[in-house]
Structure formats: C-alpha cells, structure tokens
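Novice: Sequence:
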Amino acid sequence: MFPNMDPKKLEKMAKQMGMEMENIDANRVVIESGEKEIIIKNPQVSKIKMQGQETFQISGEIEEKGKISDEDVEIVSQKANVSKEEARNLLEKTGDIVSAIKESQK
Numbered sequence: 100m101f102p103n104m105d106p107k108k109l110e111k112m113a114k115q116m117g118m119e120m121e122n123i124d125a126n127r128v129v130i131e132s133g134e135k136e137i138i139i140k141n142p143q144v145s146k147i148k149m150q151g152q153e154t155f156q157i158s159g160e161i162e163e164k165g166k167i168s169d170e171d172v173e174i175v176s177q178k179a180n181v182s183k184e185e186a187r188n189l190l191e192k193t194g195d196i197v198s199a200i201k202e203s204q205k
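Plus 99 on top of the position in the sequence shown (first one is 1) and you've got my numbering.
One or more of the hints may lead you astray.
Said to hold, decoys possible - Listed below are the simulated DSS-like cross-link pairs for lysine-lysine, each with C-alpha atoms no more than 25 Å apart in a straight line:
(1) K140 <-> K114
(2) K205 <-> K183
(3) K178 <-> K140
(4) K135 <-> K166
(5) K108 <-> K183
(6) K107 <-> K135
(7) K114 <-> K148
(8) K205 <-> K135
(9) K178 <-> K201
(10) K146 <-> K107
(11) K146 <-> K108
(12) K114 <-> K135
(13) K166 <-> K114
(14) K164 <-> K111
(15) K148 <-> K164
(16) K178 <-> K205
(17) K164 <-> K140
(18) K205 <-> K192
(19) K166 <-> K111
(20) K164 <-> K183
(21) K166 <-> K178
(22) K192 <-> K178
(23) K166 <-> K148
(24) K108 <-> K135
(25) K140 <-> K201
(26) K146 <-> K183
(27) K166 <-> K183
(28) K108 <-> K164
(29) K107 <-> K148
(30) K164 <-> K135
(31) K201 <-> K166
To be clear, the hints were calculated from the coordinates, so they are not data collected in a lab.
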C-alpha cells in the first residue's frame with residue numbers, strides 16, 4: 100500500500116482510521132479468468148477490512164499464462180500422435196498448437 104513503510108506502523112495507522120489489516124502468509128496466488136491465468140509468485144498479501152467490507156491487496160512477481168483448452172490438447176494429441184498428457188505439456192511449453200506439433204517431431 101505504502102512502499103518502504105514499516106508494516107507495523109502501517110497496521111497501527113490503519114487501526115487509528117478504523118481499518119483492520121491482516122498480513123496473509125501465501126506462497127502463490129492464482130487468478131483464473133476465462134482466457135488466462137495470472138500467477139503471482141512470492142506474493143505479499145494484505146487483507147483489509149473497513150466498514151464491513153473486505154479487500155485484498157496483492158503484490159509480487161507476475162506471470163500470465165493462456166489457458167489450454169481440452170480441444171487444443173485433443174488436436175495436438177491426434178496430429179502429433181502423442182498422449183493427452185504429453186500434448187498438454189507440449190502446449191504449455193510452446194504456447195500454441197502448431198509449435199506443439201512441430202516440437203513433438205523433434
């Protein structure tokens with residue numbers, strides 16, 4: 100919330116303003132949407148409760164991944180003549196169907 104500020108001082112200030120603040124010890128945060136997945140590594144997570152409403156503040160190393168559909172896995176599996184698990188791994192590695200099929204032929 101405030102960079103370079105001591106978390107204890109920040110908590111004290113928040114309490115004076117009627118806010119409850121709690122730090123959450125997390126290893127990883129994953130946000131899933133319809134098209135992609137956002138992974139936050141080494142996150143700093145704070146839960147803030149004010150006027151009966153809870154909000155979360157998350158910061159860390161961000162990595163975005165496109166979701167892999169079952170249809171894509173099926174296509175790569177058939178065209179490359181590999182298992183569905185191997186097809187999914189190829190798609191994760193390369194990011195698209197054509198590259199995954201070419202990668203399987205190496």
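Novice: Work down the list of hints and note, for each, if the structure agrees.
Specialist: Results for each hint:
1. At most 25 Å may separate the alpha-carbon atoms for a hinted pair to count; K140 and K114 exceed this at roughly 28 Å.
2. Straight-line distance between C-alpha atoms of K205 and K183 comes to about 18 Å, which keeps the hinted pair within the 25 Å bound.
3. Taking the CA atoms of K178 and K140, the gap is near 34 Å; set against the 25 Å cutoff, the hint is violated.
4. Restraint check for K135 and K166: satisfied, since their Cα atoms lie roughly 5 Å apart, inside the 25 Å limit.
5. Note on K108 and K183: the hinted pairing is violated, with a Cα-Cα distance of about 52 Å set against a maximum of 25 Å.
6. Our distance criterion of 25 Å between C-alpha atoms is broken by K107 and K135, whose separation comes to about 35 Å.
7. Restraint check: the Cα-Cα separation between K114 and K148 comes to about 10 Å, which is no more than 25 Å; the hinted pair holds.
8. For the suggested pair K205 and K135, the alpha carbons sit about 28 Å apart, so the restraint of at most 25 Å is broken.
9. As the CA atoms of K178 and K201 are separated by approximately 10 Å, the hinted pair is consistent with the 25 Å bound.
10. Pair hint K146 plus K107 holds up; C-alpha atoms about 14 Å apart against a cutoff of 25 Å.
11. Between K146 and K108 the alpha-carbon distance is near 16 Å, which keeps this suggested pair within the 25 Å criterion.
12. Under the criterion of a C-alpha separation no larger than 25 Å, the hint pairing K114 with K135 is inconsistent with the structure, at around 37 Å.
13. With a C-alpha separation of about 40 Å, the suggested pair K166 and K114 falls outside the 25 Å cut-off, and the hint is violated.
14. With a CA separation close to 38 Å, the supplied pair K164 and K111 exceeds the 25 Å bound.
15. Distance hint between K148 and K164 is unfulfilled; the C-alpha atoms sit about 31 Å from each other, more than 25 Å.
16. Taking the CA atoms of K178 and K205, the gap is near 14 Å; set against the 25 Å cutoff, the hint holds.
17. Restraint check: the Cα-Cα separation between K164 and K140 comes to about 13 Å, which is no more than 25 Å; the hinted pair holds.
18. Taking the CA atoms of K205 and K192, the gap is near 14 Å; set against the 25 Å cutoff, the hint holds.
19. Between K166 and K111, the direct Cα distance comes to roughly 41 Å. Violation of the 25 Å bound is thereby established for this hinted pair.
20. About 19 Å separates the Cα atoms of K164 and K183, which keeps this hinted pair within 25 Å; it holds.
21. Distance check on the hinted pair: K166 and K178 sit about 20 Å apart at the alpha-carbon level, within 25 Å; holds.
22. At most 25 Å may separate the alpha-carbon atoms for a hinted pair to count; K192 and K178 meet this at roughly 17 Å.
23. Restraint check for K166 and K148: not satisfied, since their Cα atoms lie roughly 32 Å apart, outside the 25 Å limit.
24. Distance check on the hinted pair: K108 and K135 sit about 37 Å apart at the alpha-carbon level, beyond 25 Å; violated.
25. Only pairs whose Cα atoms come within 25 Å are accepted, and K140 paired with K201 is rejected, the gap being roughly 31 Å.
26. With a C-alpha separation of about 40 Å, the suggested pair K146 and K183 falls outside the 25 Å cut-off, and the hint is violated.
27. The hinted pair formed by K166 and K183 meets the criterion: a straight-line CA distance of about 15 Å does not exceed 25 Å.
28. The hinted pair formed by K108 and K164 fails the criterion: a straight-line CA distance of about 36 Å is larger than 25 Å.
29. Between the alpha carbons of K107 and K148 the distance comes to roughly 16 Å, so the proposed pair stays at or under 25 Å and holds.
30. With a CA separation close to 6 Å, the supplied pair K164 and K135 stays within the 25 Å bound.
31. A hinted pair counts as satisfied when its Cα atoms are at most 25 Å apart, and K201 with K166 qualifies at roughly 20 Å.
Checked against the numbered hints given earlier, this structure breaks hints 1, 3, 5, 6, 8, 12, 13, 14, 15, 19, 23, 24, 25, 26, 28; the rest are met.
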